[in-house]
Amino acid sequence: MSRVTTISEQGGFWSFLRSQLRPRGKILTPFNVISVPIILLGLGILVVRFTQGLGSVTNLSQEYPWGFWIGFDVITGVAFAGGAYTITFAVYIMRMEKYHPIVRATVLNGLLAYIFYAGALALDLGRPWNIINPIIGNSFGFNSVLFLVSWHFLLYMLAELLEFSPVVAEWLGARRARRILSAMTLATVIFGVTLSCLHQSGLGALYLMAKPKIHPLWYSEFIPIFFLVSSIFAGLSMVILEGTLSHRVFKDQIDPKKHHSFEDLVIGLAKGAAIAMFVYYFFRALIFLHDKQWTLLRSGWGAWYLLEIIGLVLIPCFMFAYGVRHRSLGIIKTAAVLTLVGIVLNRLNISIIAYNWYLPVRYYPSWQEIVVTMMVVSAEIWVFRWIVLRMPVLREAHELPSDTQEKPERAAAAASL
Amino acid sequence: MNRRDFLKVTGVAGMALTGTDAKGSESSSPSPEFYGVLVDTTRCIGCRACEKACATEHDFPVPDIANDGALETQRDTSETAWTVVNRFDTSEGEVFVKKQCMHCWQPACTAACLTNAMYKTQEGPVIWRSRKCMGCRFCMVSCPFDIPKFEYHEWNPKIQKCNFCFDRLQEGKKPACVEACPTDALMFGMKRDLMEIARVRIYNHPERYVHKIYGEHEVGGTGWLYLSAVPFEEVGFRTDLGTTPYPEYTRDFLYGVPLVLFGLPALLYGMNQMTGSDNED
Ligand code: SF4
Ligand code: SF4
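Just so you know, the sequences run in chain order A and B. Just so you know, we're using my numbering here: the first sequence kicks off at 62 and counts up by one. Just so you know, we're using my numbering here: the second sequence kicks off at 1195 and counts up by one.
A couple of the hints might just be wrong.
A short, non-exhaustive set of chain A residues, derived as facing chain B with CB atoms under 8 Å [to be verified]:
id, residue
1, Pro-91
2, Phe-92
3, Ser-96
4, Gly-114
5, Leu-186
6, Gly-187
7, Pro-189
8, Asn-191
9, Val-206
10, Trp-232
11, Thr-249
12, Phe-252
13, Val-254
14, Leu-259
15, Leu-269
16, Gly-391
No lab work stands behind these hints: they were computed from the structure. Note that the structure is a prediction, hence the values are computed from the model and not measured. All residues carry an ideal CB built from backbone N, CA and C; glycine is no exception.
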């Protein structure tokens, strides 16, 4: 078991790396059996996409220039990753120590989500090699919201990497580097939270100029603020679900002392989500009343809108509140699932469903677009698993030397996700 | 001072600090004098000579205008046709309308473009520069007239849209379509002059025209202007686009960015300090 070996013990960085690259645990797990073919198929589709053009594998058209890869992978994926900035804000800025145990996993999740989902943006670019232009300053479109969003993506990934780097330093046993990197945490968190606010809202601002194309029930000059506020509870719901999942899957990695506080933690997160959702709901209702859109409700679009705003915002909001009150993790988890469905619906409504809503042609993602999306998600889970099984993400580095060596079978069980 | 002005002032201050310019580095103040074309739909006979001339000039497949029966259906511009003529059956009989990029005074497409590949030239034409474009298609999402088209079946795709024959203009020539038009339905000139001419035509023949010049104020004003005998919504124009230049819709957001970028970290640091320094890592 080389789980806790460090470079010094192993003699040489390369042999250390080699030992860490060896697979841990069973190879034939359900997740592997499903994800490997998906990843291979996805790679095949990407080859076609980069040689024959976007139209060969996607259903994109002149009417729908942005489809599932942007609407789901980028716009929805980044909202789901909102947990990282919310939790780091709570822990490092507001010093809510209660949430400290989940900080590392959340930051790792956020970092990977950005690398993979914001990275999916590159798959959608027709001429990705020219991405260099707005980066090296060859052509700065300062007046472009997309320019801002992509720059903030890049900088934010850097901030997340810095926030996560103490973990890597621990893993490598580089004590000095760890101390230096930890000392930078507050600064990177402040930077990261700021950038997050800007690009979460920026994703909404992308649609400001599409005013005549988006159904009036969804278009508002406040889309950026809606996107920002909803990314808070989207992120928190994601943390609740991911937390319960990794709690189960990586059981032996988690310090038993933390089991007790886990329930408290989820309830705290649910409280936060309920408040953010109520603010969001209130604000959207206010805009609706202000714009006097009553007549718009009397159509299929109206029912669809009410489903999103009542069924998937207000109801889960009350469920969170109820779950907090009665300390019911089951209700909280259900509410988290509903919330995430609501976020998917909201983002897809703005980017695809209520976009060009008056046209006879409609856009549906092709199976290839869906496979590539599944590939991106699977690849992210692979990397997440690889890191969690090796680096001190869920456990504290200094706490465990002998512990895992005694129970190799449990470590193997964790590895067989 | 209202919220907007406040955002503007602070935004400008922030930009001075970062050395950026929210309005864009190159085309910051679009000049009021620029080229346009006046399309008088009452003079158009639907011969599609303009389509043919455009395709020839820009190396696209040249339509067989005499025999292809293209007027039977409503067509949109495409990645191989920068301009199309459509027929509408109206209360005043058949009306033919040419469609192409409107060459907006303050274009949504150039404001959207993060590489300045879409570019508003001093002279007025909005052109696309292949060496800069990264194919994100944000220009297509933003253009209120749905003009930019994308080559979905190329490994190295281009954005295709009318460029007002920018090369010809620089040689002192007229756009190919204007030159090809046999009936003077298309008239090339400075927008200011074209507006005068359009007004005179309406004034002299109030029975022939609706009292409106499409493009005078739409989306902040466009280089291409249209006259019509029937209300514009009957001949395929959107009349709900408003008169605000589209870049305005994102301007508040963009002005707010430097404000947040400098203000929020200070606020966060303050909050951190206020919560006490008892538990350092
Ligand atoms: S019509 Fe569209 S493509 Fe043409 S200048 Fe205006 S915004 Fe750009
Ligand atoms: S597709 Fe090209 S021209 Fe259009 S906004 Fe993107 S980079 Fe600019």
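Here is what the structure says about each hint:
no.	hint	verdict
1	Pro-91	violated, 37 Å
2	Phe-92	violated, 33 Å
3	Ser-96	violated, 28 Å
4	Gly-114	holds, 4 Å
5	Leu-186	holds, 5 Å
6	Gly-187	holds, 2 Å
7	Pro-189	holds, 6 Å
8	Asn-191	holds, 4 Å
9	Val-206	holds, 5 Å
10	Trp-232	violated, 18 Å
11	Thr-249	violated, 11 Å
12	Phe-252	holds, 7 Å
13	Val-254	holds, 6 Å
14	Leu-259	holds, 6 Å
15	Leu-269	holds, 4 Å
16	Gly-391	violated, 33 Å
Checked against the numbered hints given earlier, this structure breaks hints 1, 2, 3, 10, 11, 16; the rest are met.
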